[in-house]
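Mind docking chain V on chain L? Use the hints.
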Amino acid sequence: MTLDEILNAPSPASQWVLDSDCAENGLSPAIVKEAMRSRIAEMRDSVERGLASAAPSITGMVGWNAKGLWDAPDVLQAPLLRRVQAYAMAVNEENARMGRIVAAPTAGSAGTIPGALLGVADHLKISDDDLVMPMVLAAGVGKAISKQMFISGAAGGCQAEIGSSAAMAAAAVTELLGGSSRACVHAAAMALMNTIGLVCDPVGGYVEVPCVSRNAFFAVHAVSSAQLALSNLESFIPPDEVISAMAQVGRMMPLELRETAEGGLAQTPTGLAVTARMEGK
Amino acid sequence: MTLLDMIGPVMIGPSSSHTAGACRIGQVARQLLGQIPTHAEIGLHASFAKTGKGHGTHFALIAGLLGYAPDDARLPRAFEEAASADLVFNFETADLGDVHPNSARITVSGNGQTVTVVGSSTGGGVIEIIRVDGFKVSFSGGAFTLLTRYHDAVGVIAKIAGLLAADQVNIAALTCDRDKRGGNAMLCVELDQSLGEAAQKFLLSWPGMDWVRMVRPVMDAGIVAPVLLGTTA
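Note that the protein sequences, when read in sequence, are chains L and V.
Counting along the first sequence from 1, when you hit position 160 you're at 160 in the numbering used here, and nothing is skipped either side.
Add 1000 to the 1-based position in the second sequence for the numbering used here, that's all there is to it.
Bound-form chain L, shown alone (with noise of 0.2 angstroms):
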């Protein structure tokens, strides 16, 4: 499966990815279709979870960020972007307490679709019913990456991961709004190209920062990447050659930089003494 053939195929996308993996996998269409629908009231029980709690997390980094934003005066009326960022937090948080996720496409990246997808979908109140093929989608686009190259902070930096999630929430929110197949794989390949570079750099080697509040803001990154497409505004380069150039700098990224929580954020005074003090628990 690449983003081309996604591209090429007839509108909507998600039929074609749903068909071709189940081809692929002899998997059951309709049983694929339950499952998403199943991921769906779990990312849902995520968020309400999350926008509930304060609890700190193992660390005590992260924990009230959701909930913090969720409570909070709406000074820039603008609801969309506040429901976004919060719900995206709310999963994060709830993974960093061991709680309850749907990786998408990980763990650590597990925010940025339920934000993306689901913000805009309250936002604009369409039900549950109508995520579960933009959901299928989101998948389809996420392999394409995986296939290509990874989507493991280990494996690429964080490019690789919120940038894939990313890259699958922008196609989702696409083809929610209408978007045709060029459009939801062009806006994949504009959130995508838009991640190159990011390093993975976890404090105390924890998925907590920063890593709840970038998921909050790759969320709202994915939600502009589909106002764009569905602009007919483009990536101009072809969205399977910005897999190969994140792939390219993936693999030019310095082991410090690739979760081993040796660079970057991890590595600041702050970072180096949450270490210390989580070592010596």
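It is possible that some hints are incorrect.
What the hints assert, rightly or not - Simulated pairs of lysine to aspartate or glutamate, EDC-like, Cα-Cα distance not exceeding 16 angstroms:
1. Lys-147(L) to Asp-240(L)
2. Lys-33(L) to Asp-130(L)
3. Lys-1050(V) to Glu-256(L)
4. Lys-1050(V) to Glu-262(L)
5. Lys-1050(V) to Glu-279(L)
These aren't lab readings, by the way, just hints derived from the structure by calculation.
Chain V in isolation, oriented as in the chain L frame:
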């Protein structure tokens, strides 16, 4: 790789590589032993050793040995659950050589049997088992996987393939390895369906055959696929 691997697994946080993948490696080790172990020696390699503590890797591996799936709410309490299941375990740092940074070596024992498994967690909850009892294998836990150890001889693999064909079981992938010519060998076969229990017993009864295990899928798509195909699962 299926769509259900990309949106999924449903899991207990915080890391699909360090938590969900680790749990699945543990699930495979438990199945290869054939029961919940009474003792487990676990060597953590590279990133598993370095950042495993903060990612719940230790809990997740033990949860897998207890047979829990990555979304089991008991996962963070796996150490206490292990104590009540009489599973004694020990962790150490291990250099497993040129393998994926998220890898573990697990030696489990119980009921007079011992199995050593090396598995890698390659991202997003996807795993690859690369060694069993020192033999090179390659399977992902996405399908039913038949593992068998036997005395290396002409025609054994052909006979096993024949048995699978007779049971209408399709082979998806196959690897074999041996310690020396005429020595011990291991065959690892990923299957589209499960080999029936009677056929497994029959296989074990062959001369020169000393160990047979059928590992059920631990990946979500592998778990749902055989059911809908209406096979012997």
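Each hint tested on the structure:
Taking the CA atoms of Lys-147(L) and Asp-240(L), the gap is near 11 angstroms; set against the 16 angstroms cutoff, the hint holds. Between Lys-33(L) and Asp-130(L) the alpha-carbon distance is near 11 angstroms, which keeps this suggested pair within the 16 angstroms criterion. For the given pair, Lys-1050(V) sits about 13 angstroms from Glu-256(L) by alpha-carbon distance, which is consistent with the 16 angstroms threshold. The hinted pair formed by Lys-1050(V) and Glu-262(L) meets the criterion: a straight-line CA distance of about 11 angstroms does not exceed 16 angstroms.
The straight-line distance between the Cα atoms of Lys-1050(V) and Glu-279(L) is roughly 11 angstroms, inside the 16 angstroms bound, and the hint therefore holds.
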